[in-house]
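Residue numbers (this note's numbering), protein chains in the order written: chain A, 1 to 311; chain B, 1 to 260.
If you are wondering where the hints come from, they were derived from the structure by calculation, not from laboratory data.
In silico lysine-lysine, DSS-like type, Cα no more than 27 Å apart, as pairs:
id, chain 1, residue 1, chain 2, residue 2
1, B, K177, B, K98
2, A, K2, B, K97
3, A, K7, B, K97
4, B, K98, A, K7
5, A, K215, A, K201
6, B, K98, A, K2
7, B, K2, B, K177
8, B, K97, B, K177
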Amino acid sequence: MKAMLFKRALQLITVVWGVGTLTFILMRSLPGDMSYRIAASRYGQDNVDSHAAALVREELKLDQGALMAYWHWLSDLLQFNLGDSLVSGLPVVDALKHMLGHSLLLAVAGLMLSVLIAVPLGLLSAWRGNPLDSVLMGLSSVIRAMPVFVLGVLFILLFALHWNWFPVAGFGTPAHLVLPAITLALSLAAVSNRVVRDSAKRTFQAAFYQFSRVKGLSAWQTFRQHGVRNIAVPVVAFFGIQLVSMIEGIVMIESLFSWPGIGHGLAHAIFARDIPVIQGAALVMGILFVLLNTLVDIICLWIDPRGAKTL
Amino acid sequence: MKMTHSQWLGLSVLLGLLAFSLFGILFSPYSLSEQNLDAILQAPSASHWLGTDHFGRSMLTRMAHAVGLSFALSLLCMLTSSLVGTAFGVWAVWGGKKVDNILGIVVNILLALPGLVVVLLFAAIAPGSFLVLYLAISLVQWVEYFRVVRAVTQGVIQSPARQSSQMMGFGRWYQFKRHIWPAISPSVFTLAAFGGANAILTMASLGFVYVGIQPPLAELGLMTVELFPYYSDAPWLLAQPLIVIALMVFSFHLLAGKRA
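Excised from the complex, chain A in its bound form (with noise of 0.2 Å):
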C-alpha cells in the first residue's frame, strides 16, 4: 500500500514537471520577445507596455537566460500561479474550476452507464455462450472499430437532427448530458465487456467453482459467494488502464458536443495558442489521470488483499 501510494505520488510530481517543461518550451519557441508575452498573460492583453515588460522581465530574471527561466517557471508553477488566459484575460484557475466540474460531470455518467452497460452484457454472454456471445461480441468489434468521434456524429445524426430526441450541443439541462454520457459509455463498454466475459468465463470454469456447485450450493449463492469477488480482480484494474481511453474519450466528446469541460478548453485553447489555458488544462488532465489510477489501484487492494504483497 505505501509502496503504491509512494509510487502514485512520484508520477504525479512527473506529471507537474512533463506538463511544466513541454509548456515552456511552446511558451520560447513562440517569435517575438517573451517578456511581453507573460505581461500580456499577467495583466491582460490592453496592459501591456515595454514599462510592464520590463518589470517581468526584472521578476522572473528572464535576461538570465533559459536556465533561470525555466526555474521561475516551473516555482511559479508549483504555487499554483497559473496567470491569466491569453485570450478572455481571466484567470485561468477560476476557468479551470468551471470546466472541470463539467468534466467530472460527464466522465462519472459516461462510467457509470459503461458499467450498466458492459457487466451485465459480459456475464450474459459468459453464462449463455454461444449463439448469444459471438452477435456480442461481433457487435462489440463494430463499436469498438469507431472512434469516439465518429460513434458520436452518427447518434447526433439520428437522434438530435432525424428524430430530434435530444439537442445537439451544448449544456444545462439533463437532456443535453445524454448524447456525450451515452457516446462515452458505448465506447468504453465496446472494450470492458470483453473483460468481463473472459474473466466470467475463466472463473465459471474453474475447479472451486465446479466444486462449490457440487457441494450443493445454488447457481445463485455459488455466484455470490464465489464468483463476484473473482470477476470482479481483473475487470477493476481493467478500468484502470481504460482511464487512458476514457480521458482521450473526453477530449473529443466535449469538442464535438461544445461540453464546456477540460478537453474542450484544451482543444480550444490549443487552436488560439492560449499558452496558460493550454498549461492549466494538461495539467488538470494528468493530476486527474494520476488521482483516478490511485483511486483504482486501492479499490484493487480492498477486493483482494493477496496483491498487496505483489505491488
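Since chain A is already given, all that's left is putting chain B on it; use the hints.
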C-alpha cells in the same frame, strides 16, 4: 507465421485501400485543391466517381490523398516505434541494472500523461506539421513495445538455451535472432497492428478538433468536420471519411488477430 482467415481479410482490405489511394493519387485528372464552384456537392457520377465537396473538389482525389496520408503516418509510426521499443526493451534486460533503471524512469514519465494529451501538447508547438505529429505519436507508442518486449525478454535471457549459445561463443546479434526474436515477434506484430490503428485514430482525432493537419490538405478527421454542415444536402459525402476511418481501424484490428 500462419495467418487466420480474419487476418487475411484484414490484410486484403488494407491492401485494397492502399491500392485505391495509390491509383487515386496517380491517375486522377483532378488535383487536390482544384475547385469548381459550378459543380458543388454533386452525387457520384461518371466524371466524379465519388462526387464533389462544398468547393466542387473531386472527392475521389481527396479521399485518395487522405487515405494515403493516414497510411503513410501509421506505417512510419509503426516502424519507428516498434524498432525503438524493441531495441530499448532488449537493451533494458541485456544492458544491466543501470540501463534498466534509467529506461524505467523515462517510461514512467511518458506514462504519466494520457497519450492523446501528449500528442495535443506537441501539436500545439507546431500546428499542422506532419513531422511533429509523427514524432509525437511514435513517442507515445514505443512505450507499449518496450514494456512487452522487456517482460518477454527477461524470461528468455535466463533460459538454458540462450546461455549455452553465449557460452559457445555466439555473438549478441546471433543470440537475438535465434533466441529472443522468435519469443517476442508474435507480440510485436500484434502490437504493431494495434499501433497502426491507433496512429490513424489519433491523426483523425486531431484533425477533428482542428489542431492536426490543416486545410487545404485532405485528412480524414478534418474532412469529417468540413463536410458535416452539408450532411442533409449530401449525406454520401460525410459518409465517405467516416466509413473509411472505421474500415481502416477495423481491418487493423482483424489483422492483429489476438485481442489486446
